Amino acid sequence: MDAIVKTSKLNNDEIFGLMKQFITEVIGEEFVEEMDITPQSSFTKDLEMDSIEIVSFSEKIKAHFGEQIDFTGWLSAMDLDQLINLNLEMIINYIQECQSSK
Amino acid sequence: MSRFLFVVPPFFGHISPTLSIGSSLIARGHQVKWLGITPLDSKHIPEGGEFIYPEADLVEYQEEISRILKRQDDGPSCSGPEVMKLALEETYVPFARIMMKGLSNFVDDWKPDVIVNDCITFAGALCAKLKGIPSVTTTPVPPDVMGDTANSAPKIFEWQQQLIKALQEELGLYEEEIYIHSNKLNLVFTSQAFAGFEETPAHMKFVGPVKGRPNHAAFDWERLAAAKTPKVFVSLGTLLVDIRKAFFQKLIDAFAEEPVTIIAATNPDIFEQWPDNFIVNGFVPQSELMPHMDAVICHGGFNTVNDTFTNGLPMLITPIAYDHFHTAKLIVSAGCGISIRYKRLKIEDLKNSVFELLENPVYRHAALKIKETFIAAGGNDKAVQLLEDFAEAEQLLEKQN
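Read top to bottom, the protein sequences are chains A and B. Counted the way the numbering used here counts, the first sequence spans residues 1 to 102. Counted the way the numbering used here counts, the second sequence spans residues 103 to 503.
Relax, there's no trap hidden among the hints.
Cβ-Cβ distance ranges computed for the label pairs, FRET-style:
no.: 1; chain 1: A; residue 1: D81; chain 2: B; residue 2: G150; range: 44 to 54 angstroms
no.: 2; chain 1: B; residue 1: N285; chain 2: A; residue 2: D81; range: 28 to 38 angstroms
no.: 3; chain 1: A; residue 1: S51; chain 2: B; residue 2: I280; range: 18 to 28 angstroms
no.: 4; chain 1: A; residue 1: I52; chain 2: B; residue 2: E260; range: 20 to 30 angstroms
no.: 5; chain 1: A; residue 1: K9; chain 2: B; residue 2: V434; range: 30 to 40 angstroms
no.: 6; chain 1: B; residue 1: E152; chain 2: A; residue 2: M90; range: 46 to 56 angstroms
Chain B residues, not near chain A, derived (Cβ > 12 angstroms throughout):
no.: 7; residue: R130
no.: 8; residue: Q164
no.: 9; residue: I167
no.: 10; residue: L275
no.: 11; residue: Q294
no.: 12; residue: M306
no.: 13; residue: A436
no.: 14; residue: A468
no.: 15; residue: E490
Derived by calculation from the structure, the hints in this document are not laboratory data. Values in this document were obtained by computation on a predicted structure and should not be read as measured data. All C-beta atoms, glycine included, are put in the ideal place defined by N, C-alpha and C.
Only chain A is shown next, with the shape it has when bound in the complex:
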């Protein structure tokens, strides 16, 4: 369940699992089955997320972690190359950072 009540910090594997779950919900199980999602998977290139999908992914992150993680704000500060190279590991690290700064 997506709930803001979650207070315990997640480790990298748990965050990765959660990201995979969000991605599956956003793009659909049958498309995820054809992909080998790893922390190195690039967001736009490997997962082929478009802007609408990224928005729904962001909403899921927000619903789960609450205001402590400003995912869209973080994305909008990026330049084109950063966006092109964005992979799941970077997102996991970002969430880790936000968790530990709280």
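We have chain A already, so just place chain B on it with the hints.
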């Protein structure tokens, strides 16, 4: 009477509306020419007009032009941010650089009263600025497709500005302002309501779709008349060559056994045999065909989008790349169609969506509302009037100075 020079890119979707307006301008007695960096078959040029291909000034760029054109095939497999790079950095800016010499020479020779540049063909407006010629811009797609980057993605905005300023400086324009579009008149070929704008700058005029360009494509009208099932028009536009086969295979899988007639605009050579309920032609008289259709499937090429809603038809849009996603959003928010991203397109959804569009009247009603806004925007007559008034005012201004 005035001389209008349309400066166009080597993409037919962008050229097409200028051919329609040009045809109306010629009918009013104006002189009209087009200039581009690849030749255009004379069958597309309205009678009395001329297409200028400054071959001698383009000799040194032939390899680069072919490379850039070939590169467009990568668009569908690129991510959003990669497409932005491909478009601006790898296509529009180099095209402007390539075009400048031939354009500049021709302008000195023919001395147009007004230069009309297509929105991605920066050389037109820049040349006009450099030579002090009044300029107008034509925008075939709903504007602002990259979004409000100044606020939502400042680094991307900065990148755009830098690229354009570097181009301007290279061409001898050392001012801070951006001159790739006219700041006096920008003709947009959709309606303000459909484009989703509440307020727009005064120079931006939504004239709606324009029509009347020459199209002599033959068509088997008898076969169409004999078809008794609902008719669905399918187009993938003139680009996107590489994915054509995969796209139409999905359509065959979805509709070969269904009670619909598919009218497809694509080269029939991609398959040895088509199902009996498919009428396939490489070139079609699209605007004449449209009134006979019941629904349309397309990736979001803007001329097909305009033809569809001009006829009040519902659309299944399958956005692939470029501005298609923005157009898809507008269609969904207007309620006149269904959007399924091409990369996530399942046969079952394709089939269900088309029958939903054919059977549920809400989509057609919304499409008819868009049709009304298109008609109210004024089309060719409005565009011609704006251009004539602009040319007259600018000529008056010149006399006074």
